[in-house]
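Chemist: So the sequences go chain by chain: A and B.
Take the first sequence: its letter number 194 is residue 194 in the working numbering, and every next letter is one higher.
Take the second sequence: its letter number 566 is residue 566 in the working numbering, and every next letter is one higher.
Calculated from the structure, these hints are not laboratory results.
Just so you know, these numbers come straight off a predicted model, no measurement behind them.
Incorrect hints may appear among the rest.
Interface residues of chain B toward chain A, partial, derived using beta-carbon atoms under 7 Å [what the hints assert, rightly or not]:
1) V39
2) L42
3) T554
Here are the computed distance ranges between Cβ atoms for each label pair [as the list claims (entries may be wrong)]:
4) B/Y29 x A/G150: 40 to 50 Å
5) A/A238 x B/Q30: 32 to 42 Å
6) B/L63 x A/G169: 55 to 65 Å
Glycine is no exception: its CB is placed at the ideal position from the N, C-alpha and C atoms.
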Amino acid sequence: MKGTYLNTEFFSRLETLALNLRKELAGFFGGKHLVRTYGQTVEFADYREYMLGDDIRRIDWNLYSRFEKHFLKLFTDERQMHVRIFLDCSASMAKANAQKGAYAVAAAAALGFLAVHNMDKVSYQLIRGSRAENPFGTIVGKNSFFRAIGELENIAFEGDSEISAAVTGSPDSGSNDGLTVIISDFLTENDWKKAVDYLVYKKRQVMLVQILSPEEIDPNYSGRVNLIDAESEAIEDARNMKLRVTHSLLAAYEEALKDMIGELRSFCASRGADFVSVRCDTPLERMLFGELLKVGIMA
Amino acid sequence: MMDLLMPLGLLGLLGIIALIIIYILKPNYQQKVISSTHVWKLSLRYRRKQLPINRLLSLLILLCQILVITACAMILAQPFIPSEEDYVDSERILVIDASADMRATNDGTTRFERAVEQVYAYSSETLMQQDGIVTVILAGDEASVLVRRADATRRAEVLDLIDGLLGEDDSQMQCTYAQADVDGAMRLAEEILQINPLAQVLFYTATSYADPGPVTVVDVSEEGEWNVGIIDASVALEENYYTFSVDIAAYGRSTSVILSCEVYRADGDPVRFTLDTPAVFCTDGVTTTVEFRTRPSSDADGVEDGVSYDGDVLAVWSDVHVNFYDRVTIYIQSADASSDSFSYDDRVELYGGRPETLNILYASSTMTSFFSNMLSILRMQYSLAWTINITEVRTDQLGDEELATSGYDFYIYETTMPDTLPTDGVVFLVNPQSSPSDAGFEVDTRGSVSAPNGYIFSVTGNSAHPLMEGLSASESDFPITAYMPILSWDNYETLLSVGEDPILLVRNDVSSKVVVMPFSVNDSTAAIQLSLPTLIYNMFNYFFPSAVTDADGTVASLFEVGEEITLNARGPALTVTLPSGETVSYESFPTVFTPDTYGLYGHSQQLISGNLSEGSFYVKVAASESDLTRAEAELPEIVVPIVSEEDTIQDLLLYFAIALAALLFLEWLLQVKENY
């Protein structure tokens, strides 16, 4: 599969953006993200009284002259985060609409670029079945990133996916060290909520990106239809459905989809996670500069 | 029973088979690959619960589609129901001309007989056919249907009816003496044509038509028919001499004729005298005028042997003076004594030579010249209608003699009133100073009421009454300066009044005919501005109408068969004696009498005085009927509905088209229902 979004012009536009991650995260030394812990930067943060064992070089002698007490001058700390992007690589992401898969890859690439551009680490976890593959390892720096992206564009969307199993079973899910993004259409009976709960438990900042094709939002077929699930293996598969699509059924579909997205949104809100649902025919820039800015993950 | 114009159209029903095959072959479900059926499965919970009837929708749609195909096939097959109308071309409408000229005889057979015989034969032949239908219309003075759409089952009855037209003899022959109502006959034929436009119309007549239109004219005239007849006759009174003028004509041949005029004198020698003309040559189709003049031939130049020629007019002179005559009979006959084909116009009679006497009494104490002059003028004006005798009486010179209250037809009492009103005539009371005991009104004896000097009273009233014809009920026509107040006037109708006081009253019932004018002609200028003369003329016309007048109201004594005659009566009833001797009485007037046969008619009426008033008038056949060679430009237009093939059937296409539209709509509705 060849992406149509990833080009130099696209990435150059992303250079003006950065991921806005929570300050509670611990992260690693050497990044650019301000955290609540005190560190060795030059940016003043606070004072506290000297305690035995503190480095006497950090005593503020000016204050001592005024209060005849020893105070230490504290500075902010900046950390490096590890952004983990779980990408649903099941057939549902591309078999029915190739643009949907390309859009998902582009979204993953854009988020990854924002990470490496801000000196964070990135890893792509491709969800295939109940497993999450990490073919590119931890990516640090743009050179590594672009190499990985070159390969990411060629991944195949096939089979099914179990988001919860893949996320919870991932050996590199991380803990309190950054953002985890799950990119999927979430049109699955699999309990994705477990994955969110697990990541929250692991103190990860979580964001769910739902990508839907226009046909999924507004089906344009009617009458007697044999709906073949893209992840089904045979025509007799239980996931396939025979339906007479009527106006009332379309209305019911619209209502069901709306409720499903609403449930995603409310669950994420209840867990402190961010949620974005986009159509794959929406320009990617609008998703990045619009939807992601709106939820606050982008700054 | 429904039938099909194009049964092959039913092949369209094969579409049902095609539809079923399509249903069988049609893939029930189109394959559609989607990302996930997860939302669809969720949506099933949201779908409204379907009614059980919805499961029948598919079946109903199939049923509708089958019916649509059936309707289309039926439309292609052009279904129809054979019309109940008998659109058969073997129907005949036979119209017989029963006008007077159809009585023309040749070789002992009249035209009418020939027409009837031909109609009889043709009807017999037509009704021999299984689907033959015959209608027979008689175009007499009023068109009538003798037989209406009779078929073969009524053949004997129809033939009897047609045969009955001839009767036992000429008197029973149902041929009129009037003009035929051809237009009415054609309208009756038209009614039949509306039922069956294919019917053929045949008109049996001797009149030729240049453009008979859709009617087939069957000529029943024969070679050799000819006629000389009296077309018209009239009387003129000039310088107290009567002139009897006669228009004669010959048709079918030019011939010489002799006219005889028998005058039955009523004065002097009551015996008739006869005036004969020399042979008068009549050119075929040209009307010639002959006059019989009852004045000395010495009064004119160029009279030789009692005959003179004034242009084309031949005048025969008689030295016998005629003051009055009972009747004048005029005959015409061929100079060679041969008989023509039509004898009904060979004689006319003229009446009216002795006007009825009308006695008028004018009694007054003042004797105004107005009434004297007015009555004299009336006598001259109505000299042809009435012989008016006027008696004038000065009431102040009567002495012991009583004022006459009987023996007159018209009483005019001015100022001085009789004790009782006459009961045998019309009474006109002018400026009454007292009230006759049986007058029915009461005059205020205290004296007249006068308008202020130089003023006239304001007058109102009823100008719609016949007495007020040509007059307005206002002071402009009746300027009055003084009048006698009348206190009560039961049974009188007020025509004019000043305020509440009547100034002109009329009473017209069987026993009493009274007009009361309670003002003097000296107290009004109505007499000199013609209002009063007009009122008296109106009184004459109202109370003394001529018994017989033509449609224009002119007194006449010679009419044509079928002409409208207005009858009036001075009494409660008038009796007309027909030429057959039968009598017909009339009690409401004016009434219109239309004679249906030629000959002498008498009329009589009982007057209010108890006297019997009698008179006569003659009715001749219409002048146009004398023309045996009559040719008309065209028959009255007869509308024949245009018959197309579709008119012979009741087309069901419309109904099937409506059903098709309804089914398509239903099918669409079901589809919408199913897809919702």
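Chemist: Each hint should be assessed against the structure and marked as holding or not.
Modeler: Results of checking the hints against the structure:
Hint status for B/V39: holds, given a least beta-carbon distance of 5 Å to chain A, under 7 Å. Because the closest C-beta pair between B/L42 and chain A is about 4 Å apart, less than 7 Å, the hint holds. Because the beta carbon of B/T554 sits about 91 Å from the nearest beta carbon in chain A, more than 7 Å, this interface hint is broken. The given range of 40 to 50 Å is respected by B/Y29 and A/G150, whose C-beta atoms sit roughly 42 Å from each other.
Taking the beta carbon of each, A/A238 and B/Q30 are about 20 Å apart, not inside 32 to 42 Å as hinted. Remark: the range hint 55 to 65 Å for B/L63 to A/G169 is upheld by a beta-carbon distance near 58 Å.
In this structure, the earlier hints numbered 3, 5 are contradicted, and the remaining ones agree with it.
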